[in-house]
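Work out the full structure, taking the sequences as your base and the hints as a guide.
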Amino acid sequence: RKEVEQDPGPFNVPEGATVAFNCTYSNSASQSFFWYRQDCRKEPKLLMSVYSSGNEDGRFTAQLNRASQYISLLIRDSKLSDSATYLCVVYAGREYGNKLVFGAGTILRVKS
Amino acid sequence: DGGITQSPKYLFRKEGQNVTLSCEQNLNHDAMYWYRQDPGQGLRLIYYSQIVNDFQKGDIAEGYSVSREKKESFPLTVTSAQKNPTAFYLCASRDRGPHQPQHFGDGTRLSIL
Chain A
28 RKEVEQDPGP FNVPEGATVA FNCTYSNSAS QSFFWYRQDC RKEPKLLMSV YSSGNEDGRF
88 TAQLNRASQY ISLLIRDSKL SDSATYLCVV YAGREYGNKL VFGAGTILRV KS
Chain B
1066 DGGITQSPKY LFRKEGQNVT LSCEQNLNHD AMYWYRQDPG QGLRLIYYSQ IVNDFQKGDI
1126 AEGYSVSREK KESFPLTVTS AQKNPTAFYL CASRDRGPHQ PQHFGDGTRL SIL
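If you read the protein sequences in the order shown, they are chains A and B. The first sequence lines up with residues 28 to 139 when you count with my numbering. The second sequence lines up with residues 1066 to 1178 when you count with my numbering.
None of these hints come from the bench; they were simulated from the model. Honestly, I wouldn't trust all of these hints.
In silico lysine-lysine, BS3-like type, Cα no more than 30 Å apart, as pairs [what the hints assert, rightly or not]:
id: 1; chain 1: A; residue 1: Lys-29; chain 2: B; residue 2: Lys-1079
id: 2; chain 1: A; residue 1: Lys-69; chain 2: B; residue 2: Lys-1135
id: 3; chain 1: B; residue 1: Lys-1136; chain 2: B; residue 2: Lys-1074
id: 4; chain 1: A; residue 1: Lys-29; chain 2: B; residue 2: Lys-1135
id: 5; chain 1: B; residue 1: Lys-1079; chain 2: A; residue 2: Lys-138
Chain A regions said to be covered by chain B (calculated; three or more residues, Cβ under 8 Å) [what the hints assert, rightly or not]:
id: 6; stretch: 70-77
id: 7; stretch: 125-139
Glycine included, C-beta positions come from ideal geometry on N, C-alpha and C.
Right, here's the structure in full:
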């Protein structure tokens, strides 16, 4: 089982749609969680950190479910500019090498 | 501006040649990382360093080497032993603490001639 798993997609949605991505992680000791966005042929950029209580940043909402070991990202009112690959990232702690583990990403395509 | 600088942006390697990719950061971060990304694939960890003069192998270290003589610098050498070096190479750094994200440079594209 992969440490971090994501549905690769692609998710093809019209402008204005609401879309949700899930990500599951295998290490129950994981301490922190992030969503990154990666545009084609560019570096990943931090979209948002994910907090235990859930958090929102404009049209983006992230949720964490520790009991089921998954995190989610909800995008409301999709824009053409939201088209990208969304990476789920998990940090397990110093005893696991102080590394961040990246999922393979979910592709989102927003069409007019 | 604080950030991570990778150079060169594009690099070509001849058969049997070693090449070195530069990564410099002025964020005062302790930890630095090198990843490889192949087309349509996720990031794979090559090497990482948590402090100066120390580094650990990642998942795909064979054919690569690194050094960490200064906090700001973490160069990656792609040796001739790496038979399939064509990829997008990303350097990242991270501050201390469990809730700190990674910050990435804008990458180096390496191709074999």
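Earlier hints that do not hold, by number: 1, 4, 5
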